[in-house]
Amino acid sequence: MDSPLHHFELHPIIHLSLGGLDISINKAIIAMWIGLALVFGLFMVASGKGRLLIPGKLQSVLEIAMEFIQGMVDEFIGKEEGKKYFSFVASLFFFILTCNLIGLIPGSYTITSQIAVTGAFAVGIFLMTLVIGFSRHGGHFLSILVPPGIPKVMIPIMIPIEIISMLARPLSLAVRLFANMTAGHTVLAVLFGLAMTAPVWIGWMPFGFTVIINGLEVAIAFIQAYIFTTLTCVYIGDVIRLH
Amino acid sequence: MPQFEQFEVFSSLIFWSLLSFGIFFFLLKKFVFPPILDTLEEREKKIREDIESADKLKQEAVAIKESLENELKSAHEKAKTIVQMATSESKKIQEKSLEETQSKVKQMQNDMEREIEVARNKLMSEVRGFTAALTISSTEKFLKKTMDDTDRKKLAEESIEEVLKEMQQG
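Protein chains in written order, with this note's numbering: chain A, 1 to 243; chain B, 1 to 170.
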C-alpha cells in the first residue's frame, strides 16, 4: 500500500521553462485551472444573463456570497476604504475556496495543500500590506511597531517583539491553510486506504467515515477560505488604521 | 512529506498559482463584480425609494382621509340644515294652505248662507202672495157670502199671519 502522503507528490505533465525557471504544468495546476474556469463560468452565467432586480437562485447565491464578503471588508477595513480592496478580497476568497473544493473530487489535487503556494500568497499579502502601509503613512508607518501607550523603557523590547509578531503573520497564514488541507486529505487517504484493504465486512466502516470526513472537508474548505480572507482583511485594516 | 521535499515543483506552482490568481482577479473585477455590485446597489436604492414613496403615499392618504372626513361631516351638517329648512318650509306651506282653505270654506259658507237667505226671502214673499189669494178664495167659498172690503182684508191678514207662524215653526 502507498503512503497516505503519496498522493501529494507532483509530476510534470507538460514540461515548460521560462528563462531557466521550471514552469512545468502538473496535476495541481490543471485542477486549479478547471476549478477556476468552472467558478468563472458560473459567475458569468449568474451575472451576465441579465442581472435582475429580483434575482434568480444562482444570482441570489452569488449575491449572498458577495454581501457576506462585503460585510467582512466593511468590518475589518472600513466602509469607504474597503471599496478599494473588495475585489481583491473577494477574488482571494473565491480562489482559495475553489482550490480547496476542487481537491475534494477524487483524483483531483488541492493546490492549497502545497506550502509553496500558500506561502507565496501569504508573503504576497504581507508585502502588499507593507506597501499599503508605507504609501499611506510614509515613515510614520513604522509606528505600528510601537503599541500606543507603552512606557518608553519598554520600546527597545517591544520593537523586536512586534517585528516577530508581524513576521509570524504570513507564516501562520501560510501554515494554517496548508496544514488544514494536507491533514484533511491525509485523513481521507488513510481512511480510504483502510476501506480498500480491509475485508468487506469491516471495510464499510472506514468507507462510511470517508464519506463523513468528506462532508466535513467541504465545511473546512469554506472555513479556511473564510479565515484566510478575514485575516487578510484584518492585516490590511491594521496597516490602514495603524493599531 | 512531498510538500517539503519536491523543491523542483515549487517554482512552477508559485508561478502558475500567482499568475492564475492574477488573471482570475482581473476577470472577476472586470466582468463579474461590477454588474453584481451595481445590482445590489440598485436594489438597495430601489427598496429605499420604494419605502420612502410608500411612506409619502401613506401620509398623503391620511391627509386625504382627513379632508374627506371633514367634507363628509360638513355635508352631513349641510344636509341636516337643508332637511330642517325644508321641514319648516313645508310646515309653513301646510299651515298657509290650511288657512286659505279654511277661509275659502268660510267664504263659501257665508255666500251660501246669503244665497239661501235671498232665496228664502223670495220664496216667502211668493208664498205670502199665493197664500193671500188662496185664503181669500177659500174664505169666500166657505162663507158663501160677500163681505165688505175691510173685513176681507182683516181676515186675509189674520190667515197670512197664521200660515207664516206655522211655516216658521215648521
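It is possible that part of the hints are untrue.
[Claimed, not checked] Quick partial rundown of chain A residues pointing at chain B, CB under 10 Å, derived from the structure: (1) L10; (2) I54; (3) S87; (4) V117; (5) A120; (6) M158; (7) E162; (8) T182.
[Claimed, not checked] With a straight-line cut-off of 30 Å between C-alpha atoms, the simulated BS3-like cross-links for lysine-lysine are: (9) K106(B) / K96(B); (10) K29(B) / K57(A); (11) K83(A) / K46(B); (12) K106(B) / K83(A).
[Unchecked claim] Now the stretches of chain B that chain A is said to cover, found in silico as 3 or more residues with beta-carbon under 8 Å: (13) 7 to 14; (14) 58 to 70.
Just so you know, the hints here were simulated from the structure itself, not pulled from any lab data.
Just so it is clear, CB atoms sit at the ideal spot from N, CA and C, and this is done for glycine as well.
Hints, verified against the model:
1. Below 10 Å, beta-carbon pairs count as interface contacts, and L10(A) has one with chain B at about 5 Å; its hint therefore holds.
2. For the restraint placing I54(A) at the interface with chain B, the shortest Cβ-Cβ distance is roughly 9 Å, inside the 10 Å limit, so the hint holds.
3. Look at S87(A): its Cβ gets to within about 4 Å of chain B, closer than 10 Å, so that hint holds up.
4. Using the Cβ-Cβ criterion of 10 Å, the hint placing V117(A) at the interface with chain B is satisfied: the shortest such distance is roughly 5 Å.
5. Using the Cβ-Cβ criterion of 10 Å, the hint placing A120(A) at the interface with chain B is satisfied: the shortest such distance is roughly 4 Å.
6. For M158(A), the interface hint is violated, the least distance from its beta-carbon to any beta-carbon of chain B being 33 Å, above 10 Å.
7. Annotation: interface hint on E162(A) violated; nearest CB of chain B at approximately 28 Å, more than 10 Å.
8. Taking 10 Å as the C-beta contact cut-off toward chain B, the hint placing T182(A) at the interface holds, the least distance being around 7 Å.
9. Under the criterion of a C-alpha separation no larger than 30 Å, the hint pairing K106(B) with K96(B) is consistent with the structure, at around 15 Å.
10. Simply put, K29(B) and K57(A) have alpha-carbon atoms about 22 Å apart, close enough for the 30 Å limit, and the pair holds.
11. Taken as a hint, the K83(A) and K46(B) pair is honoured in the structure, with Cα atoms around 21 Å apart against an allowance of 30 Å.
12. A hinted pair counts as satisfied when its Cα atoms are at most 30 Å apart, and K106(B) with K83(A) does not qualify at roughly 106 Å.
13. Check on the segment 7 to 14 of chain B: 7 of its residues sit with their Cβ under 8 Å from a Cβ of chain A, so the three-residue criterion for coverage holds.
14. Counting residues of the segment 58 to 70 of chain B whose C-beta sits closer than 8 Å to any C-beta of chain A gives 0, which falls short of three, so the coverage hint is violated.
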